[in-house]
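Engineer: Below are the chains, spelled out letter by letter.
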Amino acid sequence: MKLSVDERWDLIDKIAKQTVKYGVYRHTLKDAIAELTVKPLTGIPFAIAVLYGFWSFFCAFAGFFTDGFFVKLFDNYWLPWLQEVFPGKGGWVYYILVGDPTADNCFEAFGMLTSGLFVAIGVVLPAIIAFYLFLIILEDSGYLPRLAVLIDTALHKIGLHGFAVVPMILSLGCNVPAVAATRTLETRKQRFMMATLLAIFIPCGAQLGIMLEVIPGYVGFVMIYLLVGFFVFGFILNKLIPGRSPEILLDVPPYHMPTARNVRRKLWVRVRSFFTTAIPFVLLGVVIVNLMYLTGFLDWLADVFEPILCGWFGVPKETVGPLIAAFLRKDLAVAQLSAIEMTTYQLVTSVVLVSLYFPCVATFAMLIKEGREGGWKGVAQYLFGSLAALIVVVFLWGGLVHLIWIILGVA
Amino acid sequence: MKILLMGHPNVGKSAVFNRLTGAKVTESNYPGTTVDYTKGYMRLEGKDVEIIDVPGTFSLEPKDKAEEVAVKMLKENKDAVVICVIDSVKLERGLYLALEIIEEGYPVVIALNMWDVAEDKNIWIDVEKLEDILGVPVVPTIAVSGKGIKELVSRIKEASPIDIEKIVEKAGGVEQ
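Those protein sequence lines, which keep their order, are chains A and B. Number 155 in this note's numbering belongs to position 155 of the first sequence; there are no gaps in the numbering. To convert, take the position in the second sequence, counting from 1, and add 411; that gives this note's numbering.
Some clues are possibly wrong.
Taking lysine to aspartate or glutamate and the EDC-like style, the derived pairs with C-alpha atoms no more than 16 Å apart in a straight line are [what the hints assert, rightly or not]:
#1 Lys501(B) x Asp251(A)
#2 Lys483(B) x Glu373(A)
#3 Lys532(B) x Asp31(A)
#4 Lys17(A) x Glu514(B)
#5 Lys450(B) x Glu503(B)
#6 Lys474(B) x Asp31(A)
#7 Lys14(A) x Asp527(B)
#8 Lys14(A) x Asp531(B)
#9 Lys474(B) x Asp447(B)
#10 Lys14(A) x Asp543(B)
#11 Lys483(B) x Glu472(B)
#12 Lys14(A) x Asp537(B)
#13 Lys2(A) x Asp531(B)
#14 Lys21(A) x Glu539(B)
#15 Lys474(B) x Glu341(A)
#16 Lys540(B) x Asp13(A)
#17 Lys21(A) x Asp447(B)
#18 Lys21(A) x Asp537(B)
#19 Lys30(A) x Asp537(B)
#20 Lys2(A) x Glu539(B)
#21 Lys14(A) x Glu576(B)
#22 Lys14(A) x Glu542(B)
#23 Lys581(B) x Glu7(A)
#24 Lys577(B) x Glu7(A)
#25 Lys501(B) x Asp13(A)
#26 Lys2(A) x Asp543(B)
#27 Lys17(A) x Asp531(B)
#28 Lys2(A) x Glu487(B)
#29 Lys474(B) x Glu373(A)
#30 Lys369(A) x Asp447(B)
#31 Lys30(A) x Glu539(B)
#32 Lys89(A) x Asp67(A)
#33 Lys581(B) x Asp13(A)
#34 Lys581(B) x Asp531(B)
#35 Lys21(A) x Asp531(B)
#36 Lys2(A) x Asp537(B)
Residues from chain A that keep clear of chain B, each with C-beta distances beyond 12 Å, as calculated [unchecked claim]:
#37 Ile12
#38 Pro145
#39 Ser338
None of these hints come from the bench; they were simulated from the model. Backbone N, C-alpha and C define an ideal beta-carbon position, used for all residues, glycine too.
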């Protein structure tokens, strides 16, 4: 026998009456904090403070280890030593592994053992650790659902709801788990929109870390520009894509003190996966880009894309190399940009382009995986839909930066 | 035999899973941390038994893709024992899913998780009485500290399919 919904609730009512006793409820400090952080008047300033604190911690932590330690280690000791002892100067192997023999820093050398290791270990690793440490504390404390409640109204304007902020925040660490997290959204429309917007507009932690090194004064501008793009194109996608955007009821859990055990464990799992999946891609990316350069393929590509890159986006044609690398690793691409001769404004435009342009291969694979729910047709929809959105965004939103520089007279 | 860990979002299924298997799946304090299932193994009476951490779901009528995965896992594992993890503070809501699973004919063990939070809130559940009415093992647990997990494991073998009519009778009937 099966019960109807009403019968089941009636039964539960009877069971609960016989088994549960409610004592006097004490309003605790925890409850007071819980309420203050969801009420808009107090909650929004608190949210801004939390996010600003997150950002400050990220910059300070990553900067401390990268500038204070790794830059010195790699530029003053590792690079000169490798250039000195590595045999076969001028040969292909030397070029691929050590890079430019005259370079005096690890951004410009662009060898696998120099720039590759420096980007992965020296810049991105501290950034990743800083980011996840703070994120894990946010996750475990129970603050994320409260942020979701606060931002609900804003996200409704683009056909999503507050809980979509969770994939957004996760995405700032890595787009891959963020795309997976879109599964908690109700409709296919919402999932597709969110996955696409994340993959296009949200830079990952690795990329943020390297941006802090390459364009320290402009990271804020790039972030705001990308976020505005997120909402503008979210608004447009919401109008274009058929489907529902239902309201949800969100369970806001009580605050918990994060346990050291869980924080340690999660940090370890994420850092380990950075070592096993990200670092090989960074190193491989350096090798591929160097091979393409050595065979002359990159120069050929640069000439082919020169009209678009120089004409439409106003960046040097050499940025084609980083744009290729961006498909493998965005952090590597930004590092590579720093070695190309151009104005600061062109550099900022290029960084925006690297962010918007093609999701990295891991995210791409995840998009295909998420599309699979609809069979081959679903994969095709996800892929071509995302690609179409991406191409439009790159040209419009990427071109707009160029236009802004022209209007300001700095292009 | 297989064991499925099921329950509402954010009741601590992944924490129970990590306790039972020694695995390191992600535990967080927001609903929807687990969006796909994870398989693991635990020792039960000298044998390795497969256990699956299932995404949270409110009922057996899925509302999103993560819930679809949960319902699919249940349907695909007809021979499974289900450990139904319930947030002790929200017993009624948790029982809804537990009853649905019992009605489907699965043997169920109930873990009343976050027992400490319920105590803090002055909510007292008569575990013996609840066991008596439901006819399934009910164990208070605090997964993050590991409390009650041993007892939970030791009582898995007591789980057997229960006729819902028996539960209705014990509870004093339902209004039609």
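Engineer: Confirm or reject each hint.
Structural biologist: To see whether the hints hold, each was checked on the structure:
no.: 1; hint: Lys501(B) x Asp251(A); verdict: holds, 11 Å
no.: 2; hint: Lys483(B) x Glu373(A); verdict: holds, 13 Å
no.: 3; hint: Lys532(B) x Asp31(A); verdict: holds, 11 Å
no.: 4; hint: Lys17(A) x Glu514(B); verdict: violated, 21 Å
no.: 5; hint: Lys450(B) x Glu503(B); verdict: violated, 28 Å
no.: 6; hint: Lys474(B) x Asp31(A); verdict: violated, 30 Å
no.: 7; hint: Lys14(A) x Asp527(B); verdict: violated, 24 Å
no.: 8; hint: Lys14(A) x Asp531(B); verdict: violated, 24 Å
no.: 9; hint: Lys474(B) x Asp447(B); verdict: holds, 15 Å
no.: 10; hint: Lys14(A) x Asp543(B); verdict: holds, 14 Å
no.: 11; hint: Lys483(B) x Glu472(B); verdict: holds, 11 Å
no.: 12; hint: Lys14(A) x Asp537(B); verdict: holds, 14 Å
no.: 13; hint: Lys2(A) x Asp531(B); verdict: violated, 36 Å
no.: 14; hint: Lys21(A) x Glu539(B); verdict: holds, 14 Å
no.: 15; hint: Lys474(B) x Glu341(A); verdict: violated, 52 Å
no.: 16; hint: Lys540(B) x Asp13(A); verdict: holds, 14 Å
no.: 17; hint: Lys21(A) x Asp447(B); verdict: violated, 36 Å
no.: 18; hint: Lys21(A) x Asp537(B); verdict: holds, 8 Å
no.: 19; hint: Lys30(A) x Asp537(B); verdict: violated, 26 Å
no.: 20; hint: Lys2(A) x Glu539(B); verdict: violated, 25 Å
no.: 21; hint: Lys14(A) x Glu576(B); verdict: holds, 14 Å
no.: 22; hint: Lys14(A) x Glu542(B); verdict: holds, 14 Å
no.: 23; hint: Lys581(B) x Glu7(A); verdict: holds, 15 Å
no.: 24; hint: Lys577(B) x Glu7(A); verdict: holds, 14 Å
no.: 25; hint: Lys501(B) x Asp13(A); verdict: holds, 13 Å
no.: 26; hint: Lys2(A) x Asp543(B); verdict: violated, 20 Å
no.: 27; hint: Lys17(A) x Asp531(B); verdict: violated, 20 Å
no.: 28; hint: Lys2(A) x Glu487(B); verdict: violated, 20 Å
no.: 29; hint: Lys474(B) x Glu373(A); verdict: holds, 15 Å
no.: 30; hint: Lys369(A) x Asp447(B); verdict: holds, 12 Å
no.: 31; hint: Lys30(A) x Glu539(B); verdict: violated, 31 Å
no.: 32; hint: Lys89(A) x Asp67(A); verdict: violated, 29 Å
no.: 33; hint: Lys581(B) x Asp13(A); verdict: holds, 13 Å
no.: 34; hint: Lys581(B) x Asp531(B); verdict: violated, 30 Å
no.: 35; hint: Lys21(A) x Asp531(B); verdict: holds, 13 Å
no.: 36; hint: Lys2(A) x Asp537(B); verdict: violated, 26 Å
no.: 37; hint: Ile12; verdict: violated, 5 Å
no.: 38; hint: Pro145; verdict: violated, 5 Å
no.: 39; hint: Ser338; verdict: holds, 34 Å
Against the hints set out earlier in the document, violations occur for numbers 4, 5, 6, 7, 8, 13, 15, 17, 19, 20, 26, 27, 28, 31, 32, 34, 36, 37, 38.
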